[in-house]
Structures are given as structure tokens and as C-alpha cells.
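Protein chains: 2
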Amino acid sequence: MQRVRVVLSHASHPGNIGATARAMKTMGFSRLVLVNPKIFPDPQATAMAAGADDVLVAAEICSSLQEALSGTVLALALTARRRELATAPLWARAGAAEIAQVAGAAEVALVFGNETSGLSNDELAQCGRWAMIQANPECSSLNLAAAVQVMCYELRLAMQDAAAPPPVAGAGASATHEEVEGLLTHFEASAVASGFLDPEWPGRLMLRLRRLFARSGLEKEEVSILRGLLASFRQPTGKRHGGTSSAERSEGAD
Amino acid sequence: MQRVRVVLSHASHPGNIGATARAMKTMGFSRLVLVNPKIFPDPQATAMAAGADDVLVAAEICSSLQEALSGTVLALALTARRRELATAPLWARAGAAEIAQVAGAAEVALVFGNETSGLSNDELAQCGRWAMIQANPECSSLNLAAAVQVMCYELRLAMQDAAAPPPVAGAGASATHEEVEGLLTHFEASAVASGFLDPEWPGRLMLRLRRLFARSGLEKEEVSILRGLLASFRQPTGKRHGGTSSAERSEGAD
Chain A
1 MQRVRVVLSH
11 ASHPGNIGAT
21 ARAMKTMGFS
31 RLVLVNPKIF
41 PDPQATAMAA
51 GADDVLVAAE
61 ICSSLQEALS
71 GTVLALALTA
81 RRRELATAPL
91 WARAGAAEIA
101 QVAGAAEVAL
111 VFGNETSGLS
121 NDELAQCGRW
131 AMIQANPECS
141 SLNLAAAVQV
151 MCYELRLAMQ
161 DAAAPPPVAG
171 AGASATHEEV
181 EGLLTHFEAS
191 AVASGFLDPE
201 WPGRLMLRLR
211 RLFARSGLEK
221 EEVSILRGLL
231 ASFRQPTGKR
241 HGGTSSAERS
251 EGAD
Chain B
1001 MQRVRVVLSH
1011 ASHPGNIGAT
1021 ARAMKTMGFS
1031 RLVLVNPKIF
1041 PDPQATAMAA
1051 GADDVLVAAE
1061 ICSSLQEALS
1071 GTVLALALTA
1081 RRRELATAPL
1091 WARAGAAEIA
1101 QVAGAAEVAL
1111 VFGNETSGLS
1121 NDELAQCGRW
1131 AMIQANPECS
1141 SLNLAAAVQV
1151 MCYELRLAMQ
1161 DAAAPPPVAG
1171 AGASATHEEV
1181 EGLLTHFEAS
1191 AVASGFLDPE
1201 WPGRLMLRLR
1211 RLFARSGLEK
1221 EEVSILRGLL
1231 ASFRQPTGKR
1241 HGGTSSAERS
1251 EGAD
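In order, the protein sequence lines correspond to chains A and B.
With my numbering applied, the first sequence has no gaps in its numbers, which climb one by one up to 254 at the end.
With my numbering applied, the second sequence has no gaps in its numbers, which climb one by one up to 1254 at the end.
Hint data in this document are derived by calculation from the structure and do not stem from the laboratory.
Wrong hints could be hidden among the right ones.
Selected chain A positions facing chain B (in silico; Cβ < 10 angstroms) [what the hints assert, rightly or not]:
(1) Cys62
(2) Ala97
(3) Ala105
(4) Ala106
(5) Cys139
(6) Val148
To spell it out: a stretch of chain A is covered by chain B in this simulated footprint if at least three of its residues, at any positions, have a beta carbon under 8 angstroms from a beta carbon of chain B; those stretches are [stated by the list, open to error]:
(7) 22 to 29
(8) 149 to 155
In this text, a Cβ means the ideal position worked out from N, Cα and C, and glycines have one as well.
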């Protein structure tokens, strides 16, 4: 449960931050990360936290979701609205089951957006999965802390169930958020250099790639392979110079 | 869902009554019954109800739990504490399943006690079942409205026998097996041309890429983007010839 962080992006109401801390603690979670909270700390947050002041006191404050997700290998974004450019959403229970399995060995995050506007498309694209809480279609927007309560409850139950995840043969270590970001930056530089991407009119290319790789659950070695490939494409002579790393060299010659 | 009533006994904080109304409505429930609320109606209740004022306006007010349960055939009491003289508690999910079955043909109630003291033993004795929400044993007391949210969520799911998968907005059509194969062939040709892959010693590069893309669930458009990128990397001049057609051109010339 130490490997689970709850991220609130741009929360408006300090009362919701406090109620979130309480919701987390009742389900056994303690790592709260706040991305640009509008008002925090605040007496209202403390009042709503009830017995969970320790969670509030230990909360980390970040200036971007990027920073908040640092070190995670899987983030589950919660949203009440259907989005464009989105992969198929999971229902909350299935999302919790996936997060629970990954949390057995690596850092994960549950990500919640602003009370009014939710998560931006840019923020959503940084999350490998997204989930919806089954709700009344005519009134589907739960209070922020209530949504945290439901998800933390589902995750607590899923973590009890996930005692013995199916053994995976051949799966390597997951890439961290930063490693995936490094790959995306590399892709972007290569696409600009090749003329495929016009930096003046970038369109949605990088968003699409980000979404694809977030969904793929990249492994460290896969990031190395793809970066090795990209590096090789930049060689003007079409010859391999093996410049970037020995990882890439050994991969080619495996 | 009309057969389900949510009963709050001796609620202290009007904000919790409003938040309860919202929690109910988001899960499709509308019948709220208040037993001796301390303060109601109240502007704080209305503020916390957000879009669920209609539930508040229609709330019934009773002077005893007896009266509140009139006409029901099964009531499920929620409590965070273990009690003497109580039958074995159900976990919330099992309690919801039982209530859902009965609600198919008769009136039922979910019963919640006061924020501080919970339900009295007398009140508990009027309920046919009681349930606990699985929680952190060191901090097991959910906020009242948060507990209502979790129970109404469990009941909504229990009442939908088998939930259909969430409809997908924005996700594109999946790539066919052949399209993914075409992408892999393109990757291979590019890697050979760039010198990254030695055809004499191919190693496991293609196996790794195949595995990655199989896992990703590629969409048609993503295949086009990646092939466009690969094609652009092959242009010696670094000029862009435009998406898919250039991919096809360079593929044909391989």
C-alpha cells in the first residue's frame, strides 16, 4: 500500500483535499500528492481530514502531473466524462484489479482531476489506463472525495484478492514514467529531424504516441531497443555506428 | 431502484445530508429518509447536494427508525464498530447483493447512524442484516456520506446483473493482424537499412517488437502514424512526403 499514491490535480476546494485524506486513510493508503492545489494548507482541509491529519501533513505538492508521477510504472486516471482520443475505459473495479497487480512490485498512482473540469487531455495522456465509476448516466459526477473513497475501497479489496498474481514468464522490469518520457522526447526529436513533424504545426502526433506507449506498459529493455532504433535512423550514412549505448549494440546482435 | 430507501438516523451535520443526497443520485437512488436530523433543511445541505437538490426536497422526515422502515421487508444497517448481541456481519458487497435480490420485488432500506455514535442497539435490532465496509482497522470510520457513496455504488453494481463494458468514445478501430504484421515488416526493413539489425544475426529484436505491439492493442491510425514515421526516417534528405502514402511508397521500394 506504500506503493500507491493518490494524486489530485488542481483541486479547488480544500475541504475536498481533507476529505480525500480521510477517505485514503480509512482504506489504508497514506501517500497523497497534490498538483497545484488552489488553496492548501487550509483549516477546512484539516477539519475534513478528521483523524487523517497525518496524511495531509505528509502530502507532497508538485507543479505538474509529470512530476507527481515520477517513479510510477502505471497510473490510472479517473474520469466521469467520455473523452476523445481515449482508449477504452475500464470500470473502476477492473481498473483497481490491474493497479493492485502492478502495485505488488512497483509504484502506481490513482489520478483525479479538478472538481469542475476533470483532467486535461494532456494529463490523461500521461496515464496508462483510465477508469470510470459506474454511475447514473443522468448524474454521473461524484464529489471528488467520494470518488477517491470508492476507488480506494475497490483498490483495498483488489489488493486483498491480488495476493497471488499469475506468474509472468519473460516479462522484464517496467519502465518508469521518466524513461517513457525520455523515449517520447527522443521520438519527437527524430520526427522533427526527419521532417515528419513540423514543430510549427505539431498536431496531435506526440499525444497519439504518448497514449500508445502509456497503454503499452513499456519495459525498460523495450525503451532501450526503441531508442537504439531511433538513434540508428539518425545516422546519415545508413551505417550503424553503435554510438548511443552498449545496450543497443548487444540487442542488435543478440 | 424506487424500492430502495436510504435512511439517515440522527444525522448531525447538514453538509453530510446534502452530500448523501448527491452520493445517492450519482448511483441512481432518490428516496432519502431522515430520522430526527439535527439541522434540516439548511443551506449547507443544499450546497453539498450540488445537482441533487431534488432528492433533498423530496426527503421524508420521520421521528423514529420504526416509522422510517415502514413497508420495508429488509433493512441493512451499516456500522463501523463490532457490536455485542449482533449477528455475524456481512461485508458491504455481500450485503448489497442480498439487498439487491430482495429489491427485485419488495421495499428495502440502507440504514446509517449518527456521525459520532452510529446506530443505537435498539435501532440495529430493527434491521434484518448488518454490514461493514472493509476498512483499515486502525482508522475504520468513513465519513457518513462517503459510506453512503460506497454502499450505493455496491448496490448499483449488485442490481445490474452483468454490466456491459463501458462504451468507447474516441478509441479508433483496431488494427488487423495483417496491418500489425505490415508494421513489423516495415520496422524490420528500416532496422536493417539503418544498420541496427544485422540480417545475419537477427537476435530477438523482432520478437521483442512483436510482443510489444501485440500487447499494445494497436489501432489502425497508430499503425499509419508509426509507418509514416519509419518512412520519414528513410528519406535521405529529411524531407516529408506526407503520411500513409509515403509509407507505402517506401515500403514498395524496399
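Hints versus structure:
no.	hint	result
1	Cys62	25 angstroms, violated
2	Ala97	14 angstroms, violated
3	Ala105	17 angstroms, violated
4	Ala106	16 angstroms, violated
5	Cys139	5 angstroms, holds
6	Val148	9 angstroms, holds
7	22 to 29	holds (count 6)
8	149 to 155	holds (count 3)
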